[in-house]
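*Asks:* Chain by chain, the residues:
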Amino acid sequence: GDSVTQMEGPVTLSEEAFLTINCTYTATGYPSLFWYVQYPGEGLQLLLKATKADDKGSNKGFEATYRKETTSFHLEKGSVQVSDSAVYFCALEGSYIPTFGRGTSLIVHP
Amino acid sequence: DAGVTQSPTHLIKTRGQQVTLRCSPKSGHDTVSWYQQALGQGPQFIFQYYEEEERQRGNFPDRFSGHQFPNYSSELNVNALLLGDSALYLCASSFVLAGGGETQYFGPGTRLLVL
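Just so you know, the protein sequences line up as chains A and E, in that order. The first sequence maps to residues 10 to 119 in the working numbering. The second sequence maps to residues 15 to 129 in the working numbering.
Fair warning: there could be bad hints in the mix.
[To be verified] Computed spacing ranges between beta-carbons, pair by pair:
#: 1; chain 1: A; residue 1: Ser-92; chain 2: E; residue 2: Phe-74; range: 29 to 39 Å
#: 2; chain 1: E; residue 1: Leu-25; chain 2: A; residue 2: Thr-14; range: 41 to 51 Å
#: 3; chain 1: A; residue 1: Ala-26; chain 2: E; residue 2: Phe-83; range: 41 to 51 Å
#: 4; chain 1: A; residue 1: Gly-50; chain 2: E; residue 2: Arg-36; range: 31 to 41 Å
#: 5; chain 1: E; residue 1: Thr-28; chain 2: A; residue 2: Glu-25; range: 42 to 52 Å
#: 6; chain 1: A; residue 1: Thr-80; chain 2: E; residue 2: Gly-54; range: 34 to 44 Å
#: 7; chain 1: A; residue 1: Thr-35; chain 2: E; residue 2: Thr-117; range: 22 to 32 Å
#: 8; chain 1: E; residue 1: Lys-27; chain 2: A; residue 2: Gln-90; range: 37 to 47 Å
#: 9; chain 1: A; residue 1: Glu-24; chain 2: E; residue 2: Glu-67; range: 40 to 50 Å
[Claimed, not checked] According to the in silico footprint, chain A covers these stretches of chain E (three or more CB under 8 Å from chain A):
#: 10; segment: 56-68
#: 11; segment: 118-128
Since the hints were derived computationally from the structure, they do not count as laboratory data. The beta-carbon is built from N, C-alpha and C at its ideal position, and this holds for glycine as well.
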């Protein structure tokens with residue numbers, strides 16, 4: 010079946026550092042790919058998405074490119090802020106059934 | 015515009031009991047999905063409802079059942095509760111875009127503790 014693998018956290022960075030959170034997937038066909046963010050005590054919010062190969066999703070300074078050849082969808086941000094501290098989930102949606110990774114906790118220090 | 019709402023926010027039950035969780039979708043949305051999120055894990059898809067029918071189901075036993083009402087709100091029922099059912103239960107609503115693809119909006123969740 011479909012699966013999503015994310016790098017384990019926590020990822021700890023200083024403010025203004027560069028962020029990369031790795032995500033790879035296994036799926037049949039051509040799934041849509043997503044990054045969600047979950048702030049403490051809240052539900053998930055869609056951060057960005059890409060629906061086909063080579064698409065780049067972007068939002069709030071975050072970016073991720075759908076790489077079919079490497080089955081990856083790594084999340085990047087050039088300069089993180091303390092307010093970016095949260096748990097980030099990579100997900101795919103193939104045949105209607107969404108599959109999520111285990112999440113990567115990001116902690117940003119001032 | 016109210017987003018996705020869920021009730022109750024917290025619930026404590028004992029093993030063997032039954033529980034019902036409720037979800038109201040975002041205005042204009044006609045599809046509701048339910049997820050179970052165990053502590054430190056990603057959400058696991060339970061099932062999705064569209065037009066009052068279960069459209070897709072994840073790998074969950076029949077103890078988990080649901081319903082969607084004509085106003086698109088939904089209930090998740092879990093029978094014969096086990097300790098392992100303790101989790102955050104998330105509801106997400108969506109609508110099908112004209113060009114295909116759906117964007118899900120999640121509620122804040124119901125935290126269920128089974129003792």
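*Asks:* Broken hints, numbered, in rising order?
*Replies:* 2, 4 and 6
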